[in-house]
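Asker: Spelled out, the chains give:
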Amino acid sequence: MRDQTVFFLLLVVVFSLLWFVWPWSWLVGVFVAGLVFLWSLFFASCVGLSRGFVVVFGLVAAPLALAPLAEPLFLWYAVAPLAVFVVLVYAAYRAYDSLLWGFLFVVGSLWLHVIILAAVDLLSGGLLSQAFDMGFDVYVRWNVPLIAFMDVSSLYISCRVVKLIFAYVKRRRG
Amino acid sequence: MTPPKLRGGFPAARWVGAALVVLALSVVSAAAQRVYVYEVESDFEITEDVPHVPGICWRFGEQLLVVWVPRDVAPGIILFTNETAPIPLYDRKYFLLVVPVDARPSQSAKAEAFLKTPDGVYPVVFRKPDAGIIDILAHSIEDALNILKQMGLQPEYRGKAELRRIDTGKGDPNAGRETAAAATPTQVSMPSRGSTFDVYGGLYFREIPVFTTGQVVIPVHGNEWACVDLPYTAYVGYDVRSFVLGTLIRGGTVDADLIVDVYKIDRGYCIYLGTQTFRLANNTRYWVSLINPTTSVDQIAVFVRLWVRSFSGQPRVGVNASLIYTRTYRYGFEVGEFAARAAGASGYQINNYVRRIVVGPYVAYDGYIAQTASSSLRLLITTDPVNGVCKDLRVRFTINGRSSIGTSTYRGVYDGRVCSYNVNLPGFSQSSFQFEYSYAKAFGGGLFWVLDIEYTDGTTPYVRAIYLGGPNLQDIDVFRYWRWAEQWKTRPEAIDRIWNNPFLSSAYELYAAPTEPPPAPGIYHGLVTIRTRSAGDSERIVLTISGRYIYPGTNHVVYINRAEIDLRMRIDVSRIDAVGESYLMPDYQLSSIALPGWVREAFGVKRVVDCILMLAGVVGRVSGLLGFATGEGLKSAGDSVMVQTLDYYTARITYRRGWYTNVASDTIIIPLRIPSLYGRDSPTELEITRICLDNICTNPSLKAYVQPDRGYGHTSHRPVKNWMFRAQVVDSAFYFVPTR
Numbered sequence: 547m548r549d550q551t552v553f554f555l556l557l558v559v560v561f562s563l564l565w566f567v568w569p570w571s572w573l574v575g576v577f578v579a580g581l582v583f584l585w586s587l588f589f590a591s592c593v594g595l596s597r598g599f600v601v602v603f604g605l606v607a608a609p610l611a612l613a614p615l616a617e618p619l620f621l622w623y624a625v626a627p628l629a630v631f632v633v634l635v636y637a638a639y640r641a642y643d644s645l646l647w648g649f650l651f652v653v654g655s656l657w658l659h660v661i662i663l664a665a666v667d668l669l670s671g672g673l674l675s676q677a678f679d680m681g682f683d684v685y686v687r688w689n690v691p692l693i694a695f696m697d698v699s700s701l702y703i704s705c706r707v708v709k710l711i712f713a714y715v716k717r718r719r720g
Numbered sequence: 023m024t025p026p027k028l029r030g031g032f033p034a035a036r037w038v039g040a041a042l043v044v045l046a047l048s049v050v051s052a053a054a055q056r057v058y059v060y061e062v063e064s065d066f067e068i069t070e071d072v073p074h075v076p077g078i079c080w081r082f083g084e085q086l087l088v089v090w091v092p093r094d095v096a097p098g099i100i101l102f103t104n105e106t107a108p109i110p111l112y113d114r115k116y117f118l119l120v121v122p123v124d125a126r127p128s129q130s131a132k133a134e135a136f137l138k139t140p141d142g143v144y145p146v147v148f149r150k151p152d153a154g155i156i157d158i159l160a161h162s163i164e165d166a167l168n169i170l171k172q173m174g175l176q177p178e179y180r181g182k183a184e185l186r187r188i189d190t191g192k193g194d195p196n197a198g199r200e201t202a203a204a205a206t207p208t209q210v211s212m213p214s215r216g217s218t219f220d221v222y223g224g225l226y227f228r229e230i231p232v233f234t235t236g237q238v239v240i241p242v243h244g245n246e247w248a249c250v251d252l253p254y255t256a257y258v259g260y261d262v263r264s265f266v267l268g269t270l271i272r273g274g275t276v277d278a279d280l281i282v283d284v285y286k287i288d289r290g291y292c293i294y295l296g297t298q299t300f301r302l303a304n305n306t307r308y309w310v311s312l313i314n315p316t317t318s319v320d321q322i323a324v325f326v327r328l329w330v331r332s333f334s335g336q337p338r339v340g341v342n343a344s345l346i347y348t349r350t351y352r353y354g355f356e357v358g359e360f361a362a363r364a365a366g367a368s369g370y371q372i373n374n375y376v377r378r379i380v381v382g383p384y385v386a387y388d389g390y391i392a393q394t395a396s397s398s399l400r401l402l403i404t405t406d407p408v409n410g411v412c413k414d415l416r417v418r419f420t421i422n423g424r425s426s427i428g429t430s431t432y433r434g435v436y437d438g439r440v441c442s443y444n445v446n447l448p449g450f451s452q453s454s455f456q457f458e459y460s461y462a463k464a465f466g467g468g469l470f471w472v473l474d475i476e477y478t479d480g481t482t483p484y485v486r487a488i489y490l491g492g493p494n495l496q497d498i499d500v501f502r503y504w505r506w507a508e509q510w511k512t513r514p515e516a517i518d519r520i521w522n523n524p525f526l527s528s529a530y531e532l533y534a535a536p537t538e539p540p541p542a543p544g545i546y547h548g549l550v551t552i553r554t555r556s557a558g559d560s561e562r563i564v565l566t567i568s569g570r571y572i573y574p575g576t577n578h579v580v581y582i583n584r585a586e587i588d589l590r591m592r593i594d595v596s597r598i599d600a601v602g603e604s605y606l607m608p609d610y611q612l613s614s615i616a617l618p619g620w621v622r623e624a625f626g627v628k629r630v631v632d633c634i635l636m637l638a639g640v641v642g643r644v645s646g647l648l649g650f651a652t653g654e655g656l657k658s659a660g661d662s663v664m665v666q667t668l669d670y671y672t673a674r675i676t677y678r679r680g681w682y683t684n685v686a687s688d689t690i691i692i693p694l695r696i697p698s699l700y701g702r703d704s705p706t707e708l709e710i711t712r713i714c715l716d717n718i719c720t721n722p723s724l725k726a727y728v729q730p731d732r733g734y735g736h737t738s739h740r741p742v743k744n745w746m747f748r749a750q751v752v753d754s755a756f757y758f759v760p761t762r
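Heads up: the sequence lines are chains G and P, in that order.
Counting from 547, one number per residue, gives the positions in the first sequence under the numbering used here.
Counting from 23, one number per residue, gives the positions in the second sequence under the numbering used here.
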């Protein structure tokens, strides 16, 4: 399981490096879809990834890539994070047999990784804030791989920590 | 198959035909006047005052024809297209002079110079051309002889000649022009109020195919004609000091007269003043003496046509005009600026033997105010050492490959690999710039530098790289000058409604080839204009931004993706806003810059979804990749123009092309509303402190001035064109506005 997570972690980072040469065209939609898809697989692999989830995450990400072909699909850019969140909660629910635990796992991991990112931002003198504020830029490209690396590595840590906490709580409960 | 025979039955007609042919041939041979052609070295530069020999009389009066031919042609590099090509170098002290064979000069005339030829010595005086032809441009001596033959002359090359000035007490024929030749290349300060100066402008006519003999009209560009009763007339205006036409013939030859009808405009109607007729020739400039300060006390219009006797091939005739106006700079009418820039960090890998370097061409923007040009041209040239040493490099600077600015020798610095030469422009000549600007306008051309480089022993250097901006790779002004307030054209093929809505404009043109760093094969060309509109307009400032990458190897073009402009004013800019930003489409229609409909809807949905996800830690300022990727993907999908204030005095205008929208335009127009500009009784200076076009940033310090809207009769400001043209203090309202 841990190997699988590390594999997806590396995949997200390597994919994000492609941003340096990614053309500024409708293919940006494909890049966003790829990033969302790989990131979802990475997070889901923390709690256990099945082929079904791969298909589901693929279906969630695909409209992002297809939006330039059918403009109404741009609505999915607003909704996709919520959809990914729901599927992740479901994946965690499958792992912990409890909707509450599943929800707490996802939210806990996300919040802990936000705290880690905030700490890194503070220590780096606002480098991460700058990277986030820069957004998608046609010429300045370093920020996206940096955000991807910091995000997945902090999420990996937070995921492990929350899992350990959950295991500890479960042991205490017997 | 045998050719069809002429049927008999009309012997008298045959005889008449034969007689006509013989007569025509004899007329042609009689018309082909024999002329001597001399290759002249002069001890001074020729201007629009051309050589005349007093007392001679031929079809061009007393004047001699001046034909420019290159002094030599050598391999060169055109930096902004990355092309290697043979580059000719002309010289205003080297030209051909055409003298009629039977020239008998007056013995009593007082000469200003003498032309010493193998056939004798001719006294020469200088004045505007008797027969209108100022000069002809040829690519070689052979080409020149062919042009002369097409003009019905029978030229004979007679070898070299010398043109030497004598002291007549009148001084140098170019005196007054050359006084500014030693001006430094530093930026010239803004002209002072109350001063009267020469302002250069241009007229542009449509290129016309010639496929018939007889009359062929050459219409002015656009659909705005100067007179209601005479279509195709070009508006010239008031107070014209000189009017020079330039002709270009492509695709064939034409034997024709070029006819210029001059009219004065009275209540929108053309009243005939006179006609001037010239012999049409290619690459030739004509002096139209009928348009002068005396006739242009009235508004002037011109009607240009050809009378074609014969033609061969499929010729197209193009005509443009260069004008000099007299203008007085008065309160309430501000000047603008034009800066032709090259971005620092532009490095060109050459790896070839190079004798000429071409920097440009840049647009010769209308409205140049004489004596205000400058240049800070600076380059770093690296060459291979020769036998381990860096030879001294001699560089001759010429504007448009003809008017010499000076020659300097540079010492190379060896770094163990290449020799580096820090090449700086040694000076600047206002008269040379004026000549070349006027010349360029006469042909609708641009302005550029040609640098002739060679080692002091005459050998050609093997150039490794050329870095514009010198060793520090600074931005440089290739050319810079002040512009007269009025702009009488918004685009080359159309005249704006000139008398109705005067506006000012400053412009910035950029060339760059950002090959280092990072390596890229593209050449960049950008243009920014800042137009300040007249009082009463709600958006007093309009920014126009154009840019494109051109990849010469593949003919691939990428339109501007991002622009950032910092605008600094000495007033509060906190409430600045963009209003009605749009693309200028190739058909000159405007297309509004707006988010695609579903993208706009998605932003609405996103606000709701984000409220939920904020709690989950998915979205937020630094919350993670998922929210960032989808949020930024959506945000950058559509085009955007953003205006933000950096401080009390400075605003930043940012344009970004969306990755989803693919509007086929390289030009964005952004009108700006700045409330604090209202109610001002003195001009407001704007300064563009920083321009980023795509990924190339420069700090041009380009200035423009907004007219006050109070305290000087601003309500009558709209019908000011007459006032501006005439420099009158009281505006008059007999201007005419075409309603078409």
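A couple of the hints might just be wrong.
To give a feel for the contact side, a few chain G residues facing chain P, derived at Cβ under 10 Å [claimed, not checked]: (1) Ala616; (2) Trp622; (3) Tyr642; (4) Leu645; (5) Leu646; (6) Trp647; (7) Asp679; (8) Phe682; (9) Val686; (10) Trp688; (11) Val690; (12) Val698.
Straight line, CA to CA, 20 Å or less: simulated EDC-like cross-link-like pairs of lysine to aspartate or glutamate [claimed, not checked]: (13) P:Lys657 <-> G:Asp679; (14) P:Lys150 <-> P:Asp165; (15) P:Lys182 <-> P:Asp277; (16) P:Lys132 <-> P:Asp65; (17) P:Lys286 <-> P:Glu229; (18) P:Lys657 <-> G:Glu617; (19) P:Lys171 <-> P:Asp94; (20) P:Lys657 <-> G:Asp667; (21) P:Lys132 <-> P:Glu184.
If you are wondering where the hints come from, they were derived from the structure by calculation, not from laboratory data.
Every residue, glycine too, gets a C-beta built ideally from N, C-alpha and C.
Asker: None of the hints should be skipped; say for each whether it holds.
Answerer: We went through each hint and held it up to the structure:
The beta carbon of Ala616 of chain G is positioned within 10 Å of a beta carbon in chain P (closest approach about 9 Å), and the interface hint is therefore held. The restraint placing Trp622 of chain G at the interface with chain P holds, with a minimum CB-CB distance near 8 Å, inside the 10 Å limit. At a threshold of 10 Å, the smallest CB-CB gap from Tyr642 of chain G to chain P is about 17 Å, leaving the interface hint violated. Annotation: Leu645 of chain G was flagged as interfacial toward chain P, and the flag is violated, the nearest CB pair being 15 Å apart, outside 10 Å.
At about 14 Å, the closest approach between the beta carbon of Leu646 of chain G and any beta carbon in chain P exceeds 10 Å, and the interface hint on this residue is violated. For Trp647 of chain G, the interface hint is violated, the least distance from its beta-carbon to any beta-carbon of chain P being 15 Å, above 10 Å. For Asp679 of chain G, the interface hint holds, the least distance from its beta-carbon to any beta-carbon of chain P being 8 Å, beneath 10 Å. At about 4 Å, the closest approach between the beta carbon of Phe682 of chain G and any beta carbon in chain P falls short of 10 Å, and the interface hint on this residue holds.
With 10 Å as the threshold, the beta carbon of Val686 of chain G comes within range of chain P, its nearest partner Cβ sitting at about 8 Å, so the hint holds. A distance limit of 10 Å between C-beta atoms decides the matter here; for Trp688 of chain G the minimum to chain P is near 13 Å, and the interface restraint is violated. Taking 10 Å as the C-beta contact cut-off toward chain P, the hint placing Val690 of chain G at the interface holds, the least distance being around 8 Å. Against a cut-off of 10 Å between C-beta atoms, the interface hint on Val698 of chain G holds, since the closest Cβ of chain P lies about 7 Å away.
Using a Cα cut-off of 20 Å, the hinted pair Lys657 of chain P and Asp679 of chain G holds, with the two alpha carbons roughly 12 Å apart. For the given pair, Lys150 of chain P sits about 25 Å from Asp165 of chain P by alpha-carbon distance, which is inconsistent with the 20 Å threshold. Restraint check for Lys182 of chain P and Asp277 of chain P: not satisfied, since their Cα atoms lie roughly 30 Å apart, outside the 20 Å limit. In summary, the hint linking Lys132 of chain P to Asp65 of chain P is supported, as the alpha carbons are separated by about 19 Å, within the 20 Å threshold.
For the given pair, Lys286 of chain P sits about 25 Å from Glu229 of chain P by alpha-carbon distance, which is inconsistent with the 20 Å threshold. Between the alpha carbons of Lys657 of chain P and Glu617 of chain G the distance comes to roughly 14 Å, so the proposed pair stays at or under 20 Å and holds. A distance of roughly 23 Å separates the Cα atoms of Lys171 of chain P and Asp94 of chain P; the hinted pair therefore is violated under the 20 Å criterion. For the hint pairing Lys657 of chain P with Asp667 of chain G, the CA-to-CA distance comes to about 23 Å; that exceeds 20 Å, so the pair is violated.
Annotation: proposed proximity of Lys132 of chain P to Glu184 of chain P holds, straight-line Cα distance about 18 Å (limit 20 Å).
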